[in-house]
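The lines below spell out each chain.
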Amino acid sequence: DSGVTQTPKHLITATGQRVTLRCSPRSGDLSVYWYQQSLDQGLQFLIQYYNGEERAKGNILERFSAQQFPDLHSELNLSSLELGDSALYFCASSERDGLYEQYFGPGTRLTVL
Amino acid sequence: AQTVTQSQPEMSVQEAETVTLSCTYDTSESDYYLFWYKQPPSRQMILVIRQEAYKQQNATENRFSVNFQKAAKSFSLKISDSQLGDAAMYFCAYRSRYHNSNSGYALNFGKGTSLLVTP
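As given, the protein sequences belong to chains A and B, one line each in that order.
For the first sequence, the working numbering assigns the number 1 to the initial residue and increments by one for each residue that follows.
For the second sequence, the working numbering assigns the number 1 to the initial residue and increments by one for each residue that follows.
Chain B on its own, in the form it takes in the complex (with noise of 0.2 Å):
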């Protein structure tokens, strides 16, 4: 089975500066799908971003970017000019391109990271 690592349980930024959220995760396919979810304390889990594996250029979405590292199995997410509204658990997430009987195209999360943004 896949595993996800988030190495960070906290972070802590001040409002307008850039943080980064690391993220590994451990398969042996070589096309797939990552995926970065917020949570904020409503519990709703909210789509940050995706990123297919097959594809070289790093995921954008406004403020928020990922660095894509295939070989070394590294997925981290960079938040730039940070906002109160930013401050949630992030998740990161995998997610096999192909069907498998064992899992399906189930998410693998993370255990998590508390974001904390200072003002």
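Chain A on its own, in the form it takes in the complex (with noise of 0.2 Å):
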């Protein structure tokens, strides 16, 4: 167990509707990072946050955005979701901005139909 908790652990929508995805870093971690992982595109960088500042922005799509809450939790928004979209979505975080490893979190499972 990582420390890294991601809800939920399955999600399955149809085309065209919005969902999120919500991460808890572990205890006393600043930073948040989102990746997704596809059989075609295999595993992707999105976005990363840093004490509620986002930081660095991967190949994230514009209808997809993210932010980092006071309590440093963090959510993913997938919106006008399109098959392509199905993919295992994962939060990592690490202790400060970048220097430290990453650990991630079990990730969400989403499935568009």
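These are calculated hints, taken from the structure and not from any lab test.
Each hint should be verified, as a subset may be incorrect.
[To be verified] Facing chain A, from chain B, some residues (calculated, C-beta under 8 Å):
{"#": "1", "residue": "TYR32"}
{"#": "2", "residue": "GLN44"}
{"#": "3", "residue": "LEU47"}
For every residue, glycine included, the Cβ atom is placed at its ideal position computed from N, Cα and C.
Given two chains presented individually in distinct reference frames, assemble the corresponding complex, making use of the accompanying hints.
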């Protein structure tokens, strides 16, 4: 158990819908990262937050957005969902801004029908 | 952008034997970190080992060790005394040491190597 929690574990929804994925980092970790794992794209970095501020953006679609709250938990919002958004979404956290290992949560499996 | 290549989609090893998983990367930076992560069937991403590019000594964690060849940009993972529980997908990952505006401290992953351990 890495100490990073993600909810829900599984999510099934329809095209065009909007969902929110939630992540709680390890106690004391200030940095949160979101990754997408799909069969065709592999593991891809989406976005990073550090202590509430956006620090880096990767291959994140405009339909996707994220935020980190004062209690350091983070949410990833996916809207206008398409079939191709079906994937495993991981949250990871690290103690500070990047100079430490990233520890991954168990992931949220999103299925878009 | 830095790219990470794992040229072995699948590998197989017998229990108690040793196996080496390959990884190469492309970067123009001189200082960075490299990682190996393990993803068992549960899908959890588990950190196996870390190597700092400025360290000449190869990292070791129990049965796991790396062969880091900086000039060749090669970072292989050796698993000794393989166990059934080692069966998983193994991902090599690269991370810049310094923040940059394009990717911050994001991990760049290879496509992974699926390791099968036979009794």
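Here's how the hints hold up against the structure:
| no. | hint | verdict |
| --- | --- | --- |
| 1 | TYR32 | violated (11 Å) |
| 2 | GLN44 | holds (5 Å) |
| 3 | LEU47 | holds (6 Å) |
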